[in-house]
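Using our numbering, the first residue of the sequence shown is number 64, and each one after it goes up by one.
Treat the hints with care, since some could be wrong.
Cut-off 20 Å, straight-line C-alpha distance, at most; resulting in silico cross-link-like pairs (SDA-like, lysine to any residue) [to be verified]:
1) K171 x E204
2) K171 x R116
3) K142 x P261
Label-pair distances were calculated between CB atoms; the ranges are [to be verified]:
4) I257 x A67: 17 to 25 Å
5) E334 x N401: 44 to 52 Å
6) A251 x R448: 17 to 25 Å
7) G196 x L135: 27 to 35 Å
8) G414 x R321: 16 to 24 Å
Since the hints were derived computationally from the structure, they do not count as laboratory data.
Note that the structure is predicted; figures quoted are calculated from it, not measured.
Using N, Cα and C, we set each Cβ at its ideal position, and we do this for glycine too.
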Amino acid sequence: MKAAFTPEQGQEFQRRADAVCAAMRAAGLRQLVLTDTDNLFYLTGATFDALERPFFLILDADGGRQLVVPALELDHLRKAWGAQDRVTTYREYPAPAGETWHDALLGKGLLQPGFAFEPSLPMSMARVLLDAGGEPHELMEGIRIIKSAWEIAAIERAAHYADWGVRQILRNASEGALVAETFTPGQALSRKIIRETPDWDPVATRVICGAWPAPLSAEPHAIPRLDMTLGEGPHVAMVLTRVNGYAAESERTFFTTRPDPRARELFHLLEAARERAFSLVRPGMHCAELDWQVNRFLAGCGYAGDSVRLHRCGHGFGLGNHEPPWIAEGSEHVLQENMVISIEPGIYLAGEGGYRHSDTVLVTANGYRCLTKAPIRLNELVLGRPGLRHRLQRSLVRNALNL
Numbered sequence: 064m065k066a067a068f069t070p071e072q073g074q075e076f077q078r079r080a081d082a083v084c085a086a087m088r089a090a091g092l093r094q095l096v097l098t099d100t101d102n103l104f105y106l107t108g109a110t111f112d113a114l115e116r117p118f119f120l121i122l123d124a125d126g127g128r129q130l131v132v133p134a135l136e137l138d139h140l141r142k143a144w145g146a147q148d149r150v151t152t153y154r155e156y157p158a159p160a161g162e163t164w165h166d167a168l169l170g171k172g173l174l175q176p177g178f179a180f181e182p183s184l185p186m187s188m189a190r191v192l193l194d195a196g197g198e199p200h201e202l203m204e205g206i207r208i209i210k211s212a213w214e215i216a217a218i219e220r221a222a223h224y225a226d227w228g229v230r231q232i233l234r235n236a237s238e239g240a241l242v243a244e245t246f247t248p249g250q251a252l253s254r255k256i257i258r259e260t261p262d263w264d265p266v267a268t269r270v271i272c273g274a275w276p277a278p279l280s281a282e283p284h285a286i287p288r289l290d291m292t293l294g295e296g297p298h299v300a301m302v303l304t305r306v307n308g309y310a311a312e313s314e315r316t317f318f319t320t321r322p323d324p325r326a327r328e329l330f331h332l333l334e335a336a337r338e339r340a341f342s343l344v345r346p347g348m349h350c351a352e353l354d355w356q357v358n359r360f361l362a363g364c365g366y367a368g369d370s371v372r373l374h375r376c377g378h379g380f381g382l383g384n385h386e387p388p389w390i391a392e393g394s395e396h397v398l399q400e401n402m403v404i405s406i407e408p409g410i411y412l413a414g415e416g417g418y419r420h421s422d423t424v425l426v427t428a429n430g431y432r433c434l435t436k437a438p439i440r441l442n443e444l445v446l447g448r449p450g451l452r453h454r455l456q457r458s459l460v461r462n463a464l465n466l
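Taking the hints into account, I'd like the entire structure generated from these sequences.
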C-alpha cells in the first residue's frame with residue numbers, strides 16, 4: 064500500500080465513506096465495526112494478510128473512524144486512506160491480559176452503546192462483541208454490489224488480462240500438450256501485470272491461468288496434474304485475475320482434436336444457453352429468474368439435474384472473483400445498473416468433459432456490456448496440429464519439470 068493516493072482515488076474513497084455513512088443513518092446505526100479484509104480494503108485502500116491477528120475499522124455515522132491493528136502494523140496502516148493519526152494498536156496475538164485486541168477494542172472508549180458489527184465475523188470474535196452489547200448487521204453488501212465508474216474501469220482492466228491469458232493458453236495448447244504447458248502463460252501474465260500496473264500491489268493481485276483437460280473438465284474445481292495431456296474431448300481454458308484489488312475471469316471451451324458430431328452438438332447447445340442468459344441480463348431482472356430460465360432451457364434439451372449442470376449460471380465480481388449478486392435459483396438479488404456479473408452456464412458429462420464459457424459482464428442501463436472478448440465460436444476454438452514451436456516447448460517443459 065502506498066503512502067499517498069491520487070486525487071481521483073481520494074474522491075473514490077470519499078464517495079465510499081459517504082455512502083457507508085448515509086446507509087448507517089438510514090439503518091439507524093450510530094457505529095459499525097468492520098474486520099473483513101475486503102471491506103477494510105474497500106474503505107481504506109489498506110492491503111494486509113491478517114492471519115491470526117485481527118484488524119478492525121470502527122466507523123461512526125458522522126464520518127469518524129478509528130483503526131485497531133496489531134502494533135507491528137502501525138506504520139503500515141497509518142498510510143491507509145482516512146487513517147491519519149486515528150490508529151490504535153494492541154500488542155500481539157496472543158498477548159497478556161490488558162494487551163489483547165479485545166482490550167484495545169473495548170477498553171479505550173472506542174465503541175458506542177448499541178454498535179453494530181458485520182455478521183461474517185468468526186464466532187470467537189462475534190461472541191466478544193455480542194457480550195459488549197453489539198449486534199450483527201449486514202450493511203456493506205448493498206454498497207459494494209453496485210460499482211462506480213472507477214471500479215468498473217479496474218474490473219475491465221482485470222478482464223483484459225484474463226482474456227490475454229486465455230489467448231496465450233490457446234496459443235500454447237495442441238494435441239498431446241502437457242497441462243503444464245498451459246500453465247506457463249500464467250508466469251508471463253503475472254509479469255505483464257507487474258510491468259503495466261502502476262503501484263502494483265502483490266497482496267491485492269492474483270492469477271490462476273491454465274487448461275483443465277477432458278475428461279477432468281467435467282470437474283471444474285478439480286486440480287489437474289501437470290503431466291496430464293490434452294487429447295480428445297472438450298478442454299476448458301480458465302483464467303481468473305485480481306489486479307490491485309479488482310477481479311475478473313475469462314474461460315473458454317476448446318478442442319485439440321476435431322470434435323465429433325456429439326461434441327459439436329453440445330458446444331452449440333452451450334452457445335445457445337449462453338445467448339439465452341445474455342438476453343435476460345438487464346436492470347430489474349431477478350437473478351433467480353435468469354438462472355431458472357437457463358436451467359429450463361437446458362432441461363428441455365435433455366440436460367437437467369445437479370450431476371450434469373453442477374452450478375448456477377453466474378455470480379458477481381468486485382474485490383473477489385465470487386461475490387454477490389448470485390445468479391442462482393433461490394437468490395433474492397435483482398440485477399441493477401453497474402453490477403458486474405459472470406455468465407457461465409455449463410454442461411458436465413462424467414468421463415467426457417465439461418462445456419463452459421465464462422464471461423465478465425457489466426449490467427448497463429439498457430442491457431449489458433461484455434468486458435471479456437476472448438474467442439467464442441467453435442471454428443476459433445478447434446486448434447491446429449502441433450507445430451515445431453509446440454514440440455520444442457513440450458520438450459523444454461518436460462525437461463524443466465522432470466515430467
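Which of the numbered hints are not met once you compare them with the structure shown?
Those not satisfied are hints 1 and 5.
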